[in-house]
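Q: Sequence:
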Amino acid sequence: MKTVDYIALCLVIIGAINWGLIGFLGFDLVRVIFGDMTWVSRVIYAVVGIAGLYALSYFGRLRNE
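To get our numbering, take the position in the sequence shown, counting from 1, and add 2.
One or more of the hints may lead you astray.
Using C-beta positions, here's what the derived DEER-type ranges look like [to be verified]:
(1) Gly25 / Leu55: 19 to 29 Å
(2) Ser59 / Asp38: 26 to 36 Å
(3) Ile19 / Val45: 27 to 37 Å
(4) Met39 / Ile16: 17 to 27 Å
(5) Gly62 / Asp30: 16 to 26 Å
(6) Arg65 / Val34: 37 to 47 Å
(7) Ile9 / Gly62: 33 to 43 Å
(8) Ala48 / Gly22: 17 to 27 Å
(9) Val6 / Arg65: 13 to 23 Å
(10) Asp38 / Leu64: 29 to 39 Å
(11) Arg33 / Ala57: 15 to 25 Å
(12) Asp38 / Lys4: 15 to 25 Å
Think of the hints as simulated: they come from the structure by calculation, not from any bench. Note that the Cβ used here is the ideal one computed from N, Cα and C, for glycine as well.
Please take these sequences and the hints and turn them into a complete structure.
A: Structure (structure tokens):
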């Protein structure tokens, strides 16, 4: 895998863990660390979202292997 793939996968995993914490415990780790919708937390959410969209390309690559 390319370096970008590993970075995207790590960001998707971090996002999944945060969503799991929100769903199971009502605890938003990004909000606790960086504040309630500060520009930093918005950038983090946006980067994780972009990584998730990029990770969709994994399906096409898996089919080709």
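Q: Compare the structure with the hints numbered earlier in the document and write down the numbers of the violated ones, lowest to highest.
A: Structure breaks hints 3, 5, 7, 12.
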